[in-house]
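Each protein sequence line maps, in turn, to chains A and B.
Just so you know, the working numbering puts 16 at position 16 of the first sequence, and the rest follows in order with no gaps.
Just so you know, the working numbering puts 1234 at position 234 of the second sequence, and the rest follows in order with no gaps.
Take these hints with a grain of salt, some might be off.
What the hints assert, rightly or not - Here are the simulated PhoX-like cross-link-like pairs (lysine-lysine), alpha carbons at most 25 Å apart as the crow flies: (1) LYS330(A) to LYS1147(B); (2) LYS1108(B) to LYS1127(B); (3) LYS1012(B) to LYS6(A); (4) LYS1169(B) to LYS1147(B); (5) LYS1127(B) to LYS6(A).
Claimed, not checked - Non-contacting residues of chain A with respect to chain B, defined by C-beta distances greater than 10 Å in every case (computed): (6) LEU29; (7) ALA172; (8) GLU336.
Simulated from the structure, these hints should not be mistaken for lab results.
C-beta atoms are modelled at their ideal positions from N, C-alpha and C, and glycine is treated no differently.
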Amino acid sequence: MRFHFKTSYDHDIRLFPDRWTLSVYGALLVLMLVLPWIIDSFYLGEVTNVLIWAVAGLGLMLLTGQTGQVSLGHSAFMALGCYSCVIMMENGVPILLALPLAGVLTGVIGAIIALPALRLHGVYLAIFTLALAILADDVIVILSPWTGGVNGKFAPEIWIFGIEINRWANPASWYFLALGTAVVVTLLYRNLLRAPLGRAFAAVRDSEISAQAMGVDVARTKTLAFGLSCAFAGLGGALLGLFAGAFNNETFNFLISIQLLMMIIIGGLGFIHGAFLGAIVIAFLPQFLSILTDNLGSASIPGLETGVFGMLLIAFILFEPMGLYGRWLKMRTWLELFPFARRDMFRRQKTYLKTERLR
Amino acid sequence: MSLLTLENVTLKFGGVTAVNNLSMSVNEGEVFALVGPNGAGKSTVFNMISRFYRPFNGKITFDGQNLLDRRPNEVASLGIARTFQNIELFDHATVLQNLLVGRHRHRKTTLVEEILFMGRTRSEERKHRLAVEEVIEFLDLQAYRDKMIMGLPYGVRKVVELARALATKPRLLLLDEPASGLSVEETQDMRWWIDDIRRQMGITVLMVEHDMGLVSKVCDRVLALADGAALAEGTPTEVQSHPAVIEAYLGTSAISKTANAKGERV
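Based on the sequences and whatever the hints tell you, model everything.
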């Protein structure tokens, strides 16, 4: 059993509360840095995919997990990020500038769209954002002079400081681009969480009415959450498009949004780790299923993937609403407290009547 | 000097008049209680001061400023903090994080400073933490600092909500039934705390409370409401023995009984 003896407020403010946590995450970073020399290029590509999905997932996590606003429209913002990044790159903007700019642009447009959307609650917000996702498809076709419409676009060559980032010739370079973006986004996310704005997000999620009474501007906070969330999703979308190599109006269809939502629920709503764990599941499950069907000697079963995804989602909502990371937290607490863990420790308490009628 | 005044405030929900032409004023530095039977409009008065409801007519002024010009989230920055009748804490956060949200009105950092966690964000965080620790010390919440709200017993949540309101460093504290659901000991603690909040921190307290024992011990003045209108105002003993109040609580026949028993009453 480990005890935290806090000796200064910085214990709760700094990124890593103690040496142990610092060394665990340090070791993880070192492992990630040497990964290209450990695993072969196929799996490296898969890990790159996981990291890209995790970036987009962190975007939705900020909105849904942290601020409690559901969005089924994030595929639209991923598309926006992707197209704006690629169009900028085609016009000679270097990727290191185009990528953050695409994120900022998506964030700003997301925040503007959020202004009317966030007057809606719950299922109405979900429907509104779903409409956005479906609309995005048509908008891409309508804007075909810029977007290439149905024919789509090919990702331009990527050069960073004279090194070509090529998925086929040099998979490690792509991996490091994705890893770098994921680390930066995670850091920004983490910074938000330990600052007043991150707490305001949680306040809006748990009780809008008392957030307001504490001086939190609910509309502004939601708009910021939506904007930041879209910015991260835009970054993820840009990377996804560039990594895929070619994309058109159907690449970012609304199923991507649903996959993203599934990802953060399976991973664990409200946890940074959840976005990464969910991304691992989403990225590796199709591979796992195809290996499984191959070994069973059967031909590929159409719809198997979607079916398994759906069942997983239902299973998680029923049996582990806190997701994979929540499950890990429970196991860790059990081990730490052994043998004093109580069975009902994480059981949801009866919640007291909330003043919903004040809405 | 009166800190908060309501003048001829009326609020109707459909055909129901929740608050009817109510005028009251709370003086700086006093503890003022609203009492009255259920549905008398006490909490509605609170919600109008918090700007969740807009009165049909009348005026609410705080420290000379018109409250009705302010948006709900601006009320806190004027220095008004409140608790809720059915605890409204942030359940999926720790006690510490809940109290830090109370510091939100003192936030000086911008979005960019926060997302990059620049030097000023860090130093501001330390200041917020110090302010919160003072409240934790005051209300003896040290043992619960890192606990999630979800797992806390009712009595502790009640105290955490008071702590969160105090963390905003208010001038006026609105307590909506601070003693409801508390044990005798916890009510006793609440009484000392309300006394200390007024004496040590110089905060004006306006509270809604049914526990007349608590009210008579901590309050300077009491306003009794029934059906949205003021019945009687004065010291706790004056209001308790006021015939209109007894009638509202117990019915008309009770008045003659109390009149007979007046000699024995303390």
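query = Which of the listed hints are not met by the structure?
reply = 3
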